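Asks: Build the full structure now, drawing on both the sequences and the hints.
These protein sequence lines map, in sequence, to chains Y and E. Numbering-wise (the working numbering), the first sequence opens with residue 1 and increments by one. Numbering-wise (the working numbering), the second sequence opens with residue 1 and increments by one.
The hints are simulated quantities; they were obtained by calculation from the structure and are not laboratory data. Possibly wrong hints are sitting among the right ones.
[Said to hold, decoys possible] Here are some chain E residues pointing at chain Y (derived, C-beta under 7 Å): (1) 95; (2) 97; (3) 98; (4) 99; (5) 102; (6) 241; (7) 410; (8) 413; (9) 417; (10) 420; (11) 427; (12) 428; (13) 431; (14) 492.
This one's a predicted model, so the numbers in the text were calculated from it and none came from an experiment. In this text, a Cβ means the ideal position worked out from N, Cα and C, and glycines have one as well.
Given next are the chains, with one letter for each unit.
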Amino acid sequence: MIKLFIITILLELSLFPHSIVFNALDNEDGTMEIIGMLSTGQNTEGANFQLISLATSKVIYEKRIPETGSIVVDIPKEAYKMVLDSGSGHVKEKKGEIEPLEGFQKVKKQNSNFTFYIPLVVSLLFIFSALVLQFLRIKKN
Amino acid sequence: MALENNYIKYLKVSHTYLGIFAIVFFYISTFFGTITVLKPYISTWESPSKHFKLLAKEDINLDVAIPIGLEALNNPTNKIKITLPSFQEKSLSMKYGFSNNVYINPHTNELLNTTNENNLLSTFFNTMHYDINMSQSGQILMGITSIVIIFLTISGIYLWLLNRKKRKRSANFWFRWHKDLSLLIFPYIIVFSLTGAVLGIMLFTASPFAYSVSHGKETNMGKMVRPIIFALPVKIKSSNQPAIMKKYSELYAIAQENYKDLYIRELALFNWKDKNARIVFSGYLKHNRILTGRVNRVNIVLNGETARIVSKRTLDDTHEVSQFLSAFYFFHFMTDEDILFRIFYLFLGVIFAISLVFGLFVWIDKKLPQNKNSYFTIITKLAAAFTVGIIPATTFMLFLYWLLPFDIVNRDTWIIGGFYTMWCFSFLQSVYKKDVLEAVKDFMYMNAIFLIGAVFLHEYKTDMYLWDSFNQSVWDLFYMDLFLLFFGICSYLFANKMDTIKFLDKFKGY
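Replies: In structure tokens, the structure reads:
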């Protein structure tokens, strides 16, 4: 029984994580091949693959991974990120590093990430003023 | 004797300082874990498309609903998973392979529009519970904290037994309550710290084991042991001969008839519309939910064309390691348990959170007299904001969730940012108010406003008022609104009566 318990605990350690891995291979003809699979080796049939523009956050390309586990797509002309969504919260994102033969075109950035910075700055301001207030109070006493 | 005394001294010091480290992370985990106990109900509450009554399984028209879902998934024929409505997910959900789910209202058999619904609140609470929103590193941190909690529990019990021997009873209020409450819920703490440790550290510790056992060929333990413990059924190849399938409802009835003890949760279709079509009905055993949890389901497989029973997986057919795992996880996840068990856990969670706070106060109480008017006072302010300030910050999220329009850009970031901002504000508030109790009073007032506001906005925006959910028997929604309203009113009354509660005098001077 003790043996079984020990074996179970050891085996147990990594039963559940089956993270998604996906790779993009440059075909050097203006296209790339996207291969999606789980860390357990299974393919990710049905998972939704998207190419999203970094500048505009718009979806440039979208397709479900077929039974073969890979798709061939045209390399976008602007900077992009790749997203593989395999349902129930398993989303993997990667910045697109493969460039088209003629390089990326520059697209004006439209969506600045100020939504993230406003709460961050306000939060830091609150913490800073709290600390200053308390320090001043201690010094006064 | 002197040596022994030294050991005990070291043990006490390590219990104290490791305790402070553990409280910081485990309090957040316990707080959000306790909320996560109500995850299925919060998930319904935040998804307007799922504001309908839970339909009994026998009333679901599978023959109409499933083809609609299949069409939405572009008519796949293999690896289709259908989850039947339950208290956790009241719609019929379907997916194939690794696609996203499509949801069908079982009352009207229409596809649900869930575009703007991503279960933000319940997912965020769950994330805070297991990795304090810090992804992998947070998960490892929580794993380490769980191990520290195991040490604290054992050392705490050892010290208690020693003191019992000496028949010493401490007069310190905080210490007495910290000790009594922790002892009362000892099994709960052990279960959660053990499961938490396993879940938290499994990722980064399993790879070396796998690497060593496989002589450097493999680093993923799951890949090696999955095929043994969770043996997959033999893959049936398509015969490429089209066939006419039996009705889903007929197949369902036959499966249930032949496996009476099986509570069917899921259906899976393989090689559909082919001569070799298989339909798998899986779920848990009605008389043994512990051993047939999410990781160890039993099932019955039928041929889709002839309804012939292909195989039947009973509890005896499952791997004993898998059974052990099922039981191990049962006490953490309570996957198939409904409200009664969950409320019980909710109470235990609240007691544990209080016990952790009292543990922190044992230390603060000891240190404060020597450190009056020193920088140490910042810690007491931080503690107030950290332990009580987190409540209005969380309810502020509920309020924002319904206040902000569903279609604004970066909605999630605004809501989650709102939570952190509110939490930081509570620190400023506790410093500004000089007396911690005054700050707590403000937190409770804010909490009441946010909760009542959230319930009102929810009802107004979904046009589903309390009386509507009551009349339409949408009980989960009705009780969720009522619970939040009740909690809000209690917060208000508590804040109002705070000056007259004698117990709270103990907090004066912090």
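Asks: With reference to the structure, classify each hint as holding or not holding.
Replies: Hint-by-hint comparison with the structure:
| no. | hint | in the structure |
| --- | --- | --- |
| 1 | 95 | holds, 6 Å |
| 2 | 97 | holds, 3 Å |
| 3 | 98 | holds, 4 Å |
| 4 | 99 | holds, 4 Å |
| 5 | 102 | violated, 11 Å |
| 6 | 241 | violated, 19 Å |
| 7 | 410 | holds, 4 Å |
| 8 | 413 | holds, 5 Å |
| 9 | 417 | holds, 3 Å |
| 10 | 420 | holds, 5 Å |
| 11 | 427 | holds, 5 Å |
| 12 | 428 | holds, 4 Å |
| 13 | 431 | holds, 4 Å |
| 14 | 492 | violated, 24 Å |
Violation of the numbered hints given earlier is confined to hints 5, 6 and 14; the remaining hints are satisfied by the structure.
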